[in-house]
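**Student:** So you can see what is in the structure, the chains are spelled out below.
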Amino acid sequence: MENKMGFVLTWVLGALLLLTLLFTSLLHLPGSLRNHALQVADEVQKVYDAESSLLLHLEGIPQALFPDLPPVSTAPLGPYERLCATSGSAPAVCITAVAKLQPLGYREWHTAVQAYRESLRESILTHPALRRYSGNRRLYEAPTYLQVEDGDLRLHLPGSVPTLNAFASGDVVVEGETRYDTLRIYALGCVTLKGNVRAAFLEVAAGERVEVSGAVRFRGMLTARREVLLRGRAVADFPSVAIAIGQNEPEVNADAGVRFAGLLASLPGEVRPGDSIMPAFLGEGRLAFEREVRW
Amino acid sequence: MVKAVRGFTLVEVCVAVAVLATGLAALGCFVAGFGQLRSIERDRIESVSRAVSHMEALIESPPSCDVPPPPCDDPPACGVPAPPLRQALAGANLYYAVAGDSLVRFRRIVRCK
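Just so you know, the protein sequences line up as chains A and B, in that order.
Numbered according to the numbering used here, the first sequence spans residues 1 to 295.
Numbered according to the numbering used here, the second sequence spans residues 1 to 113.
None of these hints come from the bench; they were simulated from the model.
Quick caveat: nothing in here was measured; it's all calculated off a predicted structure.
We treat Cβ as the ideally placed atom computed from N, Cα and C, and that holds for glycine.
Please note that the accuracy of each hint is not assured.
To be verified - EDC-like mimics (lysine to aspartate or glutamate), calculated; alpha carbons at most 20 Å apart, straight line:
id, chain 1, residue 1, chain 2, residue 2
1, B, 113, A, 175
2, A, 46, B, 56
3, A, 194, A, 175
4, A, 194, A, 237
Said to hold, decoys possible - Footprint (simulated), chain A over chain B, 3 or more residues, beta carbon under 8 Å:
id, region
5, 44-54
6, 98-109
Please construct the entire structure, taking both the sequences and the accompanying hints into account.
**Tutor:** Structure representation (structure tokens):
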């Protein structure tokens with residue numbers, strides 16, 4: 001007859017082994033959480049180091065005095081400046097800044113704005129993805145970079161557009177209910193934004209005139225050689241800049257219903273005392289208005 | 001005819017009881033260690049949270065450039081701005097703030113008012 005009683009001891013030992021393994025694995029849980037807390041603390045300190053670097057940079061203190069802190073890199077971003085501090089695998093802390101208002105002569109203004117406009121034109125026309133069109137164009141879908149020669153450009157794009165960079169030798173009209181993340185336009189003629197267009201980052205350089213009307217909302221920079229006109233219920237979020245700079249009494253005008261947070265300047269006129277910012281390419285002292293941590 | 005059923009032998013029972021007792025004792029130690037680790041972990045997490053909160057408060061409401069920070073009941077956790085960076089860098093109005101305790105300590109340069 002088969003005897004099954006001798007297996008009981010094996011079963012008991014097996015159960016104990018399983019329980020031991022279970023509790024051992026449970027013991028690892030709080031330890032790993034503690035390690036995670038230390039890791040979080042380490043990352044927070046790295047963010048603080050990066051913020052310290054940026055603060056020192058904004059105050060104009062040389063980086064060499066603090067070799068332990070991560071270096072700061074700067075890059076132009078339209079009318080703004082992008083400053084990032086990061087080292088190795090640490091999270092990058094970036095801020096976007098404009099310049100503090102300071103008195104400048106007409107020649108300095110003119111030179112800086114002309115250089116900015118030329119930089120915008122070059123960045124569009126020299127891009128390898130540029131697509132060229134000839135004659136008047138009305139586009140319902142558009143490439144990221146486009147050039148229209150010998151004609152006007154009318155953009156009526158559906159939905160949302162991540163990036164659009166356009167150069168036109170004539171006029172440019174942007175209309176519809178399009179939401180642009182980045183919209184950059186250089187036109188030798190006039191530029192008109194109307195309808196319900198939204199642009200999170202806008203750069204417009206017009207040879208003649210810029211007109212923003214309707215319920216257009218944007219943040220960025222408008223420059224024209226003759227006039228910048230803001231009409232209707234247009235909204236410019238902080239810190240936006242509108243500059244008219246040319247030979248024949250350039251003007252910047254805004255209707256009563258317009259909300260503009262930033263700098264309005266027509267040169268060679270006076271910059272209003274209440275304005276507290278300038279484009280980053282015009283001054284040295286930096287004023288951060290946006291912060292971002294990238295992991 | 002009654003069928004004979006074999007039970008456990010005395011040796012088997014003794015060995016099983018001994019193994020069970022050893023296992024329970026080991027489990028007791030594990031449970032005690034578990035509680036201790038959990039306590040350490042809680043302290044560490046609270047320490048990190050407290051230090052971050054205090055540093056953020058220093059950033060939000062920066063200390064005065066001229067008046068030294070007021071004394072507090074728990075000095076290691078008070079975020080004493082030390083050393084004053086503005087003394088080394090005249091006109092910068094910056095402090096080197098420290099917040100935390102013996103477990104976690106954060107440092108950051110902050111503006112002073």
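**Student:** Now tell me, hint by hint, if it's right for this structure.
**Tutor:** Going down the list of hints, with the structure as the test:
1. The straight-line distance between the Cα atoms of residue 113 of chain B and residue 175 of chain A is roughly 47 Å, outside the 20 Å bound, and the hint therefore fails.
2. The suggested pairing of residue 46 of chain A with residue 56 of chain B holds, with an alpha-carbon distance near 15 Å, which does not exceed 20 Å.
3. Restraint check for residue 194 of chain A and residue 175 of chain A: satisfied, since their Cα atoms lie roughly 5 Å apart, inside the 20 Å limit.
4. Restraint check: the Cα-Cα separation between residue 194 of chain A and residue 237 of chain A comes to about 16 Å, which is no more than 20 Å; the hinted pair holds.
5. Closer than 8 Å: that is the beta-carbon criterion, and the region 44-54 of chain B has 5 residues meeting it against chain A, so the requirement of 3 holds.
6. Counting residues of the region 98-109 of chain B whose beta-carbon sits less than 8 Å from any beta-carbon of chain A gives 5, enough to reach three: the coverage restraint holds.
Violated hints amount to a single one, hint 1; each of the other numbered hints is respected by the structure.
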